[in-house]
Amino acid sequence: MAKILNLFKNKKQTLDERLKNIQDGDIEEREQFISEYTPFIIKTITEVINRYIETENDDEYSIGLQAFDEAITKYDSNKGKFLSFAKLLIRNRIIDFLRKETPSKSNIYFEDTQDADEYISLSNREDDFTESYSIRKELEQFQRELKLFDILIDDLVKESPKHIDSRINAVKIARHIVENKKIKQQLYDKKKMPVKKITSSIDVSNKVLKRNRKFIIASVLILDGNSEFLKNYVFGVEGR
Amino acid sequence: MVYKGRVIKEEKNYIIVLTKDCQYKKIRKKGQSQLGKEIIFLDEDIINKSTVRYGLVAAILLLIVTTAMFAGINFGLINELNTYSVVGLDINPSIEFRIDDQGIVRKVTALDEEGKDLVNKQMIGMEIKGAVTLGINNAIDKKYLTSDNDTILISQVNLKDSDNINIKNSVIQSIQETTDVQNVNLVYIESDKESFKEAEKNNMTAGKYEIYKKVAQNDDNVSIKSIKDMKVAEIAQNHEEIITTLKVTDFDEKQQSDKNSNNENDEDNNSDKDEKHNKNKEKNQANNKDRLKNNFEDEDRDDDDIEHEMSEQKRNNKNQDKDYDQEDDKYEEDDEDDNKERNKQKGKNKRYKKYKCNVRNKDDDEDDEYYENDEDKDNEDNRDDEDKDDEDDRDNDDKDDEDDRDDKDKDYEDNRDD
Chain A
1 MAKILNLFKN KKQTLDERLK NIQDGDIEER EQFISEYTPF IIKTITEVIN
51 RYIETENDDE YSIGLQAFDE AITKYDSNKG KFLSFAKLLI RNRIIDFLRK
101 ETPSKSNIYF EDTQDADEYI SLSNREDDFT ESYSIRKELE QFQRELKLFD
151 ILIDDLVKES PKHIDSRINA VKIARHIVEN KKIKQQLYDK KKMPVKKITS
201 SIDVSNKVLK RNRKFIIASV LILDGNSEFL KNYVFGVEGR
Chain B
1001 MVYKGRVIKE EKNYIIVLTK DCQYKKIRKK GQSQLGKEII FLDEDIINKS
1051 TVRYGLVAAI LLLIVTTAMF AGINFGLINE LNTYSVVGLD INPSIEFRID
1101 DQGIVRKVTA LDEEGKDLVN KQMIGMEIKG AVTLGINNAI DKKYLTSDND
1151 TILISQVNLK DSDNINIKNS VIQSIQETTD VQNVNLVYIE SDKESFKEAE
1201 KNNMTAGKYE IYKKVAQNDD NVSIKSIKDM KVAEIAQNHE EIITTLKVTD
1251 FDEKQQSDKN SNNENDEDNN SDKDEKHNKN KEKNQANNKD RLKNNFEDED
1301 RDDDDIEHEM SEQKRNNKNQ DKDYDQEDDK YEEDDEDDNK ERNKQKGKNK
1351 RYKKYKCNVR NKDDDEDDEY YENDEDKDNE DNRDDEDKDD EDDRDNDDKD
1401 DEDDRDDKDK DYEDNRDD
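Residue numbers (the working numbering), protein chains in the order written: chain A, 1 to 240; chain B, 1001 to 1418.
The hints are simulated quantities; they were obtained by calculation from the structure and are not laboratory data.
Each residue gets a CB set at the ideal place from its N, CA and C atoms; glycine is no exception.
Don't take every hint at face value.
Now the in silico label distances, taken between C-beta atoms and shown as ranges [to be verified]: (1) B:I1064 / A:S201: 50 to 60 angstroms; (2) B:Y1054 / A:D189: 35 to 45 angstroms; (3) A:D26 / B:I1064: 54 to 64 angstroms; (4) B:Y1054 / A:T199: 32 to 42 angstroms; (5) A:K81 / B:L1063: 40 to 50 angstroms; (6) A:K81 / B:E1200: 50 to 60 angstroms.
Now the stretches of chain B that chain A is said to cover, found in silico as 3 or more residues with beta-carbon under 8 angstroms [what the hints assert, rightly or not]: (7) 1016-1024; (8) 1036-1044.
Sequences and hints are given; from them, build the entire structure.
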């Protein structure tokens, strides 16, 4: 009964009251609060840097989180609303960070060649570039293969199974095709799904195959291809 | 919800991301290219095709609504604004005319199925009296207005004031003059806006509504619909007292008193009209015949003929020129005897001239006369013998013929220029 009341209370708590609790030292509540507001933090960072946050290079994200945390500690309810304060703080911290980062990353001074050499060697840009280049190559390959089956990536957006369970099921079928050489060969040769062979060897209905044809073929191509980073996304569903 | 995903395709306005749980998502593009990068994005970044679709549907709906509104303004409202008066015609069938400040019909509506038989498209743009009589004549043609069903109800509602829409008398007069039916009971009601609005709600004319009001005063059981569906003649029979008070007495009396004289007048008028008509017809026929003739003559001429004639004409002209030169010299040597002969010849030639004058344009006549005279002279000068005059005549005839033809050619060309 007390729990229910507490839940009820929590819901009713205003932002200011919650912040006061956190400021008083409720660490659990603090973590809860931050995870609740991550979309807000991400949104603010994205606005400032004018592109999506990249996970490989998530300094911005951690700086944003730190700034938000700082905002919680520094907040004074008499000086205005919390969210606008937090936004301001995140923005300032990110801008400060970008100012520090940019000279070493993208600006090369040709006036002083020696310095320039230094800058280039200091920056880790080159690795980043080669990696993204290979990824791009792999993506192009993926698109080309899809085109053989007359599939565009845009089609996948529209025709992928929406529900996670049906996606898992579809990936299962894809895995079955990849592991069954005969079926796979037929698929590559005829550019068509050998529906009969699949239904006879695995328990699926024609309807599922037909409806998720494009998604299954794309998954087969990813699983059978040599792009490790794309595979990761399919493995994510398979739970590997 | 926070998503993590790899950018696998970039387009102009969007990027496609493969998320950690193997979903392909289309999201908004932000900043420079991030192809191949794993990014963090939010729900609000996802381009949801359904929202686009709803937006599209909403836009289409808006478009339809606005166009409908404009159409309403164009066809409905402006019509309403221009309507100065509404004239209803009930025989049952019922029709309604909307007229503008000049008494011109702007809109005709049939208030029932039969009413459609009375409506002609040409009514729009007619003066109201013409349109009403046309409607009545249509009713006669279609046997709606017969000796049994002989009551016409005309109602007028002035929505706005204008001097030109006091049409009552002109309408009545025109009905008297131009419709064939005698012994018609004509009821003319001038109603007001309120009644018109009520009537419009019930899809009937203001006149009928006025009658309904009058009938309802005496009889509570009467419904609007029964009155609406009843023929005016039936109402007149059932509720004689009301109709008689509203009847256009002038119309009746006039009709009866003027019956004989009126008929005669009518006949006279008709006969006059007929005569005029016939005359016009004759004229037209004559004109047509002339036209036909010309056409035939024109058509008979081939281009070859024309060329041939042209060359002949040239030759003639050359001869004439030569003759003129000679003639100048010989003029002085002319005797009085020759003059006499010349006069004779002139007399003959005048006939031709007259004939030619009829055909030729006035402008050409003077020049032609000059030529002809010269020709005459030179004929006389060159050939003294009277015996040869006949030949000359023949020559002249030929020339005249040619001239005539030339004239026709000219006419032909003129026609073509026209």
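Honestly, do A:D26 and B:I1064 meet the 54 to 64 angstroms range at C-beta? The hinted range 54 to 64 angstroms holds for A:D26 and B:I1064, with Cβ atoms some 57 angstroms apart.
Hint check for A:S201 and B:I1064 - Cβ pair distance inside 50 to 60 angstroms: holds (53 angstroms)
32 to 42 angstroms was suggested as the range; check whether the CB atoms of B:Y1054 and A:T199 agree with it. holds (38 angstroms)
Just to make sure I understand the rule, a stretch counts as covered if three or more of its residues have a C-beta closer than 8 angstroms to a C-beta of the chain. Does the segment 1036-1044 of chain B meet that for chain A? holds (count 9)
If you look at each residue in the segment 1016-1024 of chain B, do at least three have a Cβ nearer than 8 angstroms to any Cβ of chain A? Contact hint for the segment 1016-1024 of chain B vs chain A: holds, 8 residues under 8 angstroms.
Given the hint of 50 to 60 angstroms, is the C-beta distance from A:K81 to B:E1200 inside that range or not? holds (59 angstroms)
Outcome for the supplied range 35 to 45 angstroms, where the beta carbon pair is B:Y1054 and A:D189: holds (43 angstroms)
Taking 40 to 50 angstroms as the stated bounds, is the beta-carbon spacing between A:K81 and B:L1063 within them? 41 angstroms Cβ-Cβ, so the 40 to 50 angstroms window holds.
When the structure is compared with the earlier hints, no violation turns up for any of them.
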